[in-house]
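Novice: Just need the whole structure built from these sequences, with the hints factored in.
The listed protein sequences correspond, in order, to chains A and B.
Start counting the first sequence at 1; every next residue gets the next number (the working numbering).
Start counting the second sequence at 1; every next residue gets the next number (the working numbering).
It is worth saying that the hints were derived from the structure and are not from the lab.
All of these numbers come straight from a predicted model, not from anything done at the bench.
One should not assume that every hint holds.
Think about it this way: if two alpha-carbon atoms lie no more than 25 Å apart in a straight line, the pair counts; the simulated SDA-like pairs of lysine to any residue are [claimed, not checked]:
# : chain 1 : residue 1 : chain 2 : residue 2
1 : B       : K346      : A       : I105
2 : B       : K97       : A       : I75
3 : A       : K99       : B       : V129
4 : B       : K180      : A       : T96
5 : B       : K149      : B       : K346
Just a sample of chain A residues kept apart from chain B, beta carbon distances all over 10 Å, derived [unchecked claim]:
#  : residue
6  : Q11
7  : D17
8  : S38
9  : S91
10 : L101
11 : I105
12 : D106
Sample of chain B residues facing chain A (criterion: CB under 7 Å; computed from the structure) [to be verified]:
#  : residue
13 : L77
14 : V86
15 : I87
16 : A124
17 : V125
18 : M126
19 : K127
20 : S354
21 : T358
Every residue gets a Cβ at the ideal spot worked out from N, C-alpha and C, and that includes glycine.
This is what each chain is made of:
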Amino acid sequence: MSIELNTTDGQVTITTDVIATIAGGAAVECYGIVGMASKNQIKDGISEILRKENFARGVLVRQEEDHLHIDMYIIVSYGTKISEVAHNVQSQVKYTLNKSLGLSIDSVNIYIQGVRVEKD
Amino acid sequence: MTVRTLDGIVFTQMVRFGAQHLTNNAKKIDALNVFPVPDGDTGTNMNLSMTSGASEVKKMDSSNISEVALAFSKGLLMGARGNSGVILSQIFRGFAKGMDKKTELTTKDLAKAFDMGVSTAYKAVMKPVEGTILTVVKDSAKVAVKEAKNENDVIVLMEKVLREAKASLKRTPSLLPVLKEVGVVDSGGQGLVTIYEGFLAALKGEELPEGVTSEVEMEEMVNAEHHKIAQDFMDTSEIEFGYCTEFMVKFDEEKIKENPYNEEKFRNELSELGDSLLVVSDEDVVKVHVHAEYPGEAMTLGQRFGSLINMKIENMREQHTAIVGDKKEIPKEKVPYAIVTVAMGKGLKDLLESLGATIVIEGGQTMNPSTQDITDAISKANAENVLILPNNKNIVMAAEQAAKLAEVNVAVVLSKTIPQGISAILAFHPDNGINENKEAMSKACGQVKTGQVTYAVRDTQLDGITIENGNFMGISDGKIKATHQDKLETVKQLLESMITENDEILTILQGEDVSDEEVEKLVNYVEDTYEDVEVEVHNGNQPIYSYIFSVE
Chain A
1 MSIELNTTDG QVTITTDVIA TIAGGAAVEC YGIVGMASKN QIKDGISEIL
51 RKENFARGVL VRQEEDHLHI DMYIIVSYGT KISEVAHNVQ SQVKYTLNKS
101 LGLSIDSVNI YIQGVRVEKD
Chain B
1 MTVRTLDGIV FTQMVRFGAQ HLTNNAKKID ALNVFPVPDG DTGTNMNLSM
51 TSGASEVKKM DSSNISEVAL AFSKGLLMGA RGNSGVILSQ IFRGFAKGMD
101 KKTELTTKDL AKAFDMGVST AYKAVMKPVE GTILTVVKDS AKVAVKEAKN
151 ENDVIVLMEK VLREAKASLK RTPSLLPVLK EVGVVDSGGQ GLVTIYEGFL
201 AALKGEELPE GVTSEVEMEE MVNAEHHKIA QDFMDTSEIE FGYCTEFMVK
251 FDEEKIKENP YNEEKFRNEL SELGDSLLVV SDEDVVKVHV HAEYPGEAMT
301 LGQRFGSLIN MKIENMREQH TAIVGDKKEI PKEKVPYAIV TVAMGKGLKD
351 LLESLGATIV IEGGQTMNPS TQDITDAISK ANAENVLILP NNKNIVMAAE
401 QAAKLAEVNV AVVLSKTIPQ GISAILAFHP DNGINENKEA MSKACGQVKT
451 GQVTYAVRDT QLDGITIENG NFMGISDGKI KATHQDKLET VKQLLESMIT
501 ENDEILTILQ GEDVSDEEVE KLVNYVEDTY EDVEVEVHNG NQPIYSYIFS
551 VE
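Specialist: Put into structure tokens, the structure is as follows:
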């Protein structure tokens, strides 16, 4: 699936992979997120943290008519306030996609797939 | 005086001062906020987190610093708000853990606690961004560890930590490009420095420094405000307050006596006049930055307290126009060709524009654009040659009249339906002459069959078919071929009359009343029934016609 933008000079087609990678990149810059996780944990291995090239596996971009929705699967750090980390990811992803692709995202849904516990 | 150990009582006071100092400066820290999302809430978020931490500490009454620090860290976590708030909670979570349950801390213990705060804060993030609060806390803790080896006065150590935190904060723009671009230091880092300032004041037993923390420069806050404004507006006409106004008021004793100065009251008064407001004052002067429509009024307000110095007023509308160039007023250079066409529905408009239509006039069946509308479009297109595609037989006349009135070369292609218009646009070639194009485009109109599905608004009899009010009708190139109560059934009958063995492509333009499921059903039907035909679906969003088909 891809998204089309019309500009005065012609058309720009952006595949959802691109959106997923940018969204994932923006998310991991947020504090408290340890990594992106696959949306199919059973198939892709439980608690495996995705590397940059696989971000698309943890980010689902859905287009419903004119509206864009993003589902993100993340692993957070133990001891952080999960609701706040999720909220940060939401606003960061929304902002970054708007800034870099000019896309306006209607919703960013966060699925916490795991909590990483570090030895203190 | 040398303070060798730090206990819970003093630490409680430090937290209280840190929180208070942050509260006093939250607005200014908000103004600096450009990273990660420039929404101007870093100061507010940190303040709410810190206040929650401080109120947990208040409930304690302990001289055991580990207990107080744990309560503080718990309160911070409960109240953590925003990125910076979460980071702050992690810093002090590590800080509390690093104390090893000691009841009092020496400088070495304190340094260790700081260090632990850093590693805990860093652990919780996949990709630490340098040039943020993380860098500031890391650099200052490093100094704490180094200095604690030879320094056993807690106050001196804290002074050094604060000094390094400030230095590190100053370096943040060189680490994070977005800060450099805007010309500000990191807001979260500034928040931490503010807290440390409060800590040190409490340690020394001093009063809290009043007003703005020394490090936030007015210049930086102005930069950040401008940056946010620049992001907000795109159109010169959208600038609500036209003048960027900056001035300082040097307090005059006489005037102050008559008119006592109150920063908050002054700020409220100014906020009535405009936005992007910043007010900073000390004993001698108050500095003001505001975007106002009437800068004089803002200055008059200031003059009540003293004389005006360092005034600067810029007309932002002029600046903005100079930067972007006012596209509407500066005449474009004439383009060789333009295509003016008519369609109804946003989807169709977008579709036609994406294919190359210069201007799509809103209209069609039941809403025919006037000759004037078309003439306007021709002049707006600003081209040497204009091709008009009326896409409806009722508009052809108006189009031809407009063509006669126009001062440039205008040719009307007799497209009577949307699919014909689309085919015509595809046949357009910019390198050919206008007459050649007209011919090629008219020919293309004849190569496509148009089907339309709509509903009857009254009982009637047409083309030998009886149609009842409310039934659907299938029209093929102007002739009614099918009618039925059911939409899909009508479509089936219509397509049967249209599609022949020679046809290869069926394009479906989905009307505004047609759901995606309906279209899916139809696509499945077509694919099953006409195996050789390729189906393409576009969302036309057109009213009146549930479906427009083009068969080629």
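Novice: Now look at each hint and say whether the structure bears it out.
Specialist: Consistency of the hints with the structure:
1. Of the supplied pair hints, the one linking K346 of chain B and I105 of chain A holds, its CA atoms being roughly 20 Å apart against a limit of 25 Å.
2. The straight-line distance between the Cα atoms of K97 of chain B and I75 of chain A is roughly 23 Å, inside the 25 Å bound, and the hint therefore holds.
3. Only pairs whose Cα atoms come within 25 Å are accepted, and K99 of chain A paired with V129 of chain B is accepted, the gap being roughly 19 Å.
4. Distance hint between K180 of chain B and T96 of chain A is fulfilled; the C-alpha atoms sit about 18 Å from each other, no more than 25 Å.
5. The straight-line distance between the Cα atoms of K149 of chain B and K346 of chain B is roughly 72 Å, outside the 25 Å bound, and the hint therefore fails.
6. Annotated as non-interface, Q11 of chain A brings its C-beta within 10 Å of a C-beta of chain B; the closest such distance is 7 Å.
7. With 10 Å as the threshold on Cβ separation, the claim that D17 of chain A sits away from chain B holds: the shortest Cβ distance comes to roughly 20 Å.
8. At the 10 Å boundary, the C-beta of S38 of chain A stays outside the reach of chain B, the nearest C-beta of that chain being 15 Å off.
9. Listed as outside the interface, S91 of chain A is inconsistent with that label: its C-beta sits roughly 5 Å from the nearest C-beta of chain B, within the 10 Å cut-off.
10. Remark: the non-interface label on L101 of chain A is consistent with the geometry, its nearest Cβ contact in chain B lying 16 Å away (cut-off 10 Å).
11. Here I105 of chain A stays apart from chain B, with its beta-carbon at least about 13 Å from theirs, past the 10 Å limit.
12. Listed as a non-interface residue, D106 of chain A keeps its Cβ farther than 10 Å from every Cβ of chain B; the least gap is roughly 17 Å.
13. Interface hint status for L77 of chain B: upheld, as the beta-carbon distance to the closest one in chain A is roughly 6 Å, under 7 Å.
14. For V86 of chain B, the interface hint holds, since its Cβ comes within 7 Å of a Cβ in chain A; the closest pair sits about 5 Å apart.
15. Interface restraint check: I87 of chain B against chain A, minimum CB-CB distance 5 Å, threshold 7 Å, status holds.
16. Of the supplied interface hints, the one on A124 of chain B holds, with its beta-carbon coming within about 4 Å of a beta-carbon of chain A, less than 7 Å.
17. Restraint check, V125 of chain B versus chain A: the minimum CB separation of about 5 Å is within 7 Å; hint holds.
18. Here the hint on M126 of chain B is kept, as its CB sits about 5 Å from the closest CB of chain A, short of 7 Å.
19. Among the interface hints, the one on K127 of chain B holds; its C-beta lies about 5 Å from the nearest C-beta in chain A, closer than the 7 Å criterion.
20. At a threshold of 7 Å, the smallest CB-CB gap from S354 of chain B to chain A is about 6 Å, leaving the interface hint in force.
21. This hint is violated: T358 of chain B has a C-beta 11 Å from the nearest C-beta of chain A, more than the 7 Å allowed.
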